[in-house]
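Colleague: In order, the protein sequences belong to chains A and B. Under my numbering, the letters of the first sequence match residues 1 to 531, in that order. Under my numbering, the letters of the second sequence match residues 1001 to 1334, in that order.
Misleading hints may appear alongside valid ones.
Unchecked claim - Have a look at the derived ranges for each label pair, beta carbon to beta carbon:
hint: 1; chain 1: A; residue 1: GLY65; chain 2: B; residue 2: LEU1070; range: 52 to 58 Å
hint: 2; chain 1: B; residue 1: TYR1159; chain 2: A; residue 2: LYS419; range: 53 to 59 Å
hint: 3; chain 1: B; residue 1: TYR1325; chain 2: A; residue 2: THR98; range: 30 to 36 Å
hint: 4; chain 1: B; residue 1: ILE1022; chain 2: A; residue 2: VAL376; range: 25 to 31 Å
hint: 5; chain 1: B; residue 1: PRO1031; chain 2: A; residue 2: GLU271; range: 35 to 41 Å
hint: 6; chain 1: B; residue 1: ARG1060; chain 2: A; residue 2: ALA418; range: 23 to 29 Å
hint: 7; chain 1: B; residue 1: LEU1070; chain 2: A; residue 2: ALA418; range: 32 to 38 Å
hint: 8; chain 1: B; residue 1: LEU1151; chain 2: A; residue 2: ASN125; range: 51 to 57 Å
Bear in mind the hints are in silico, worked out from the structure with no lab data behind them. If you're wondering where the values come from, they're calculated on a predicted model, not measured in any experiment. From the three backbone atoms N, C-alpha and C, an ideal C-beta is built for every residue, glycine too.
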Amino acid sequence: MKKLSTLLAATAIVTLMAGSAWSKTLVYCSEASPEGFDPGLYTGGQTFDASSRTVYNRLVEFKHGSTELEPGLAESWEVAADGTEYTFKLRPGVKFQTTEFFTPTRELNADDVIFSFERQYKADNPWNKYVAGASWEYFSGMGFPDLIESITKVDDLTVKFKLKRAEAPFLANLGMDFASVLSKEYADKLAADGKMELMNQQPLGTGPFTFVAYQTDAAIRYKANPDYWAGKEKIDDLVFAITTDAAIRAQKLKAGECHIMPYPNAADVAELKKDDNLTVLEQEGLNVSYLAYNTLVPPFDKAEVRKALNMAVNKQAIVDAVFQGAAKVAKNPIPPTMWSYNDAIEDDKYDPEAAKKMLEDAGVKDLKMKIWAMPVARPYMLNARRAAELMQADLAAVGVTVEIVSYEWAEYLKLSSAKDRDGAAILGWTGDNGDPDNFLDTLLGCDAVGGNNRAQWCNKEFDDLMTKAKATADVAERTKYYEEAQVIFKKEAPWNTLDHSLVFVPLSKKVSGFVMDPLGIHRFNGVDIAE
Amino acid sequence: MLRFIFGRLAVLVPTFIGVSIIAFSFIRLLPGDPVMLMSGERVMSPERHTQLMADLGLDRPIYIQYFDYLVNLLQGDFGSSIVTKRAVLTDFLQLFPATVELSLCAIILAVALGVPAGVLAAVKRGTWLDQTLMGTALVGYSMPIFWWGLLLVIFFSGYLGWTPVSGRISLMYFFPQVTGFMLVDSLISGQAGAFKSAVTYLILPTIVLATIPLAVIARQTRSAMLEVLGEDYVRTARSKGLSPFRVIGIHALRNALIPVVTTIGLQVGVLLAGAILTETIFSWPGIGKWMVDSVFKRDYQVVQGGLMLIAAVIMVVNLIVDVLYGFINPRIRY
Chain A
1 MKKLSTLLAA
11 TAIVTLMAGS
21 AWSKTLVYCS
31 EASPEGFDPG
41 LYTGGQTFDA
51 SSRTVYNRLV
61 EFKHGSTELE
71 PGLAESWEVA
81 ADGTEYTFKL
91 RPGVKFQTTE
101 FFTPTRELNA
111 DDVIFSFERQ
121 YKADNPWNKY
131 VAGASWEYFS
141 GMGFPDLIES
151 ITKVDDLTVK
161 FKLKRAEAPF
171 LANLGMDFAS
181 VLSKEYADKL
191 AADGKMELMN
201 QQPLGTGPFT
211 FVAYQTDAAI
221 RYKANPDYWA
231 GKEKIDDLVF
241 AITTDAAIRA
251 QKLKAGECHI
261 MPYPNAADVA
271 ELKKDDNLTV
281 LEQEGLNVSY
291 LAYNTLVPPF
301 DKAEVRKALN
311 MAVNKQAIVD
321 AVFQGAAKVA
331 KNPIPPTMWS
341 YNDAIEDDKY
351 DPEAAKKMLE
361 DAGVKDLKMK
371 IWAMPVARPY
381 MLNARRAAEL
391 MQADLAAVGV
401 TVEIVSYEWA
411 EYLKLSSAKD
421 RDGAAILGWT
431 GDNGDPDNFL
441 DTLLGCDAVG
451 GNNRAQWCNK
461 EFDDLMTKAK
471 ATADVAERTK
481 YYEEAQVIFK
491 KEAPWNTLDH
501 SLVFVPLSKK
511 VSGFVMDPLG
521 IHRFNGVDIA
531 E
Chain B
1001 MLRFIFGRLA
1011 VLVPTFIGVS
1021 IIAFSFIRLL
1031 PGDPVMLMSG
1041 ERVMSPERHT
1051 QLMADLGLDR
1061 PIYIQYFDYL
1071 VNLLQGDFGS
1081 SIVTKRAVLT
1091 DFLQLFPATV
1101 ELSLCAIILA
1111 VALGVPAGVL
1121 AAVKRGTWLD
1131 QTLMGTALVG
1141 YSMPIFWWGL
1151 LLVIFFSGYL
1161 GWTPVSGRIS
1171 LMYFFPQVTG
1181 FMLVDSLISG
1191 QAGAFKSAVT
1201 YLILPTIVLA
1211 TIPLAVIARQ
1221 TRSAMLEVLG
1231 EDYVRTARSK
1241 GLSPFRVIGI
1251 HALRNALIPV
1261 VTTIGLQVGV
1271 LLAGAILTET
1281 IFSWPGIGKW
1291 MVDSVFKRDY
1301 QVVQGGLMLI
1311 AAVIMVVNLI
1321 VDVLYGFINP
1331 RIRY
């Protein structure tokens, strides 16, 4: 029976497609298969591109190409004076998608919002463990289980979030993928049919594109949602052609087999730029790569020693060698595209002579240290070993002997968090929501020591600023605190900030309206293609 | 014959248990666990890590996990992927036909070109033709698949524009998966041009995957032929005045084929290994790519389930090869 219905559905789609011939179709060569289609369950960017950014919407959305927030499914919101209550007015008349597998009978209401969140933290919610090992990674990673007191329905189109404490980044967090709003009506139907797992295979939301089919590891197909509340998209069909190899993606783009590709090899960018039919968009990524000293272990507990080591390293040479120019030297722990970036700060100057003297003054002689190099390439650091080798040579020039060590990736992540870690570790971060708190407090706050705070650095002055910045929703005030925090960071030098990498998106000149997103997601609403 | 087959089937049972132990322990020997990798750079608290490991049943003693796994296996349950949460068997059945289709085409190409090349080289032993063929085979055998594949793509797809770059069929065509074999499904679909499209997408991956087996088969055929050509019965056949075609094609080749068939059987393993790289280059949605991704994510269930299923396929192929010997050489009796 199931086979028959699949067959019928597919036949219907084929007929539809045949009717519209090869309609206005945008092909995106995506970099990996989606882990699934329920954005709450996963952390991979490819999964978000394929689910939350196509099929779903959130209460608040990031403006296209920025980290600023704008109304999404919530038309407006109010924050209580003490910052612990957020009341959202939902947009009226928002329709869920009608698909081959489900026809909604009602419009979006408060129940859908409550369902979408409660399933992620209420252990007694039947959807909390609807697939084996469901871990709601982002919901938990952003600290929501300890933050949300309750979510209540005020009326059909009003929802109130009560928090246990004031938390200014909360609103930005609601723009993240895990906060996508699902249909409770669809969920109830799946539960009644005993097919809950389909929520992760056949997504249904309010977003710009309607899910049609996923051909495992090969392609994902969508159609423009004719009922989309912000208006139907200009393209008719959207296809993700899953192409894991970056060199092959580039070839496909050049051959016209797809229109947009993410993550080209750094070495291919120049050639893609030369192609007359292509445009290569570029933007500084919302990321940072750093070398974190272990500030609990002498002599790295002394700021002057860390500062001297920073001055001994030629960061420009690292950026040139590892990124071939596709990155910028970092001076602050947050990227320049983020609000509150303190551009007045001056980076530690590369000055081996001065560094040598500072080390002598600090009483450090014949220093031997380890540098941990990650075994994998990440967007913020393409080749950590090469970077470590360059640092090794630079530090040798000031009399410091460096041994480079590495571990398997999962081990590396675990061991680099240890408080007694022996050596300085190369690592980095890609922002989740465009809020400075997501870098500064997450990576350098006292609570994160032994965890994300790889420098094991706990500075009271810095930490107080983090607490103050969280307690107010006033962006101007928060900016002040974060700018001040960056000054303390530079003075104390728990890290040597290495680089912010550039991100490229090559695309066909036929495509218009595609905007690069600082959060690294790829969105196709508003995109058009010349026929 | 039947007794032989049953005997071989009985041997499969301990082999299976052996494979299950290896498959089960191999992935667990790798450092790092799936929960750790799930969170990436974001550090997970030790309590949460423990909780999630418990949710996945990975906190229990390893022998209990293994016996659970075995019991489920006997009921045909290969478990679900830790990452995608989909059933391992469902994914395998969906992806495996793609690998089989590609491997079959590759082995057909390898045999169709490799055997004649080997025979020709043996007959023309020592001539420029022999040296050219064997030199080419050596190059083919030593070819790094990834580089070779990329080279073909850049030349034939990029420069000449003759073949598509990657995928299984043009995205224009979309029809339900019936058999999983694109060549068959595209015919069933009745959509004009679909079959042709599927063929063009098969060309480059087939060539890339066939390269190494082709070289091995050519070399093996040559040496087997050389041995047979020196035998008394070949000389007798020649002295009887039989045509060279009958001597080589019937008397010599048939006897030379036994080691060649063994080689072809063994190439199935090589093909599956080669498929991993070929599938990655050509975005071919088969099990090779699926397995590699799973190893990186420490997706225990997929890796062990996938290994078991692949081992089963290889065992069956080897059994078929053994049975085939009897048909090629009637002197072999079981």
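Colleague: Check each numbered hint from earlier against the structure, then list the numbers of those it violates in ascending order.
Modeller: 3
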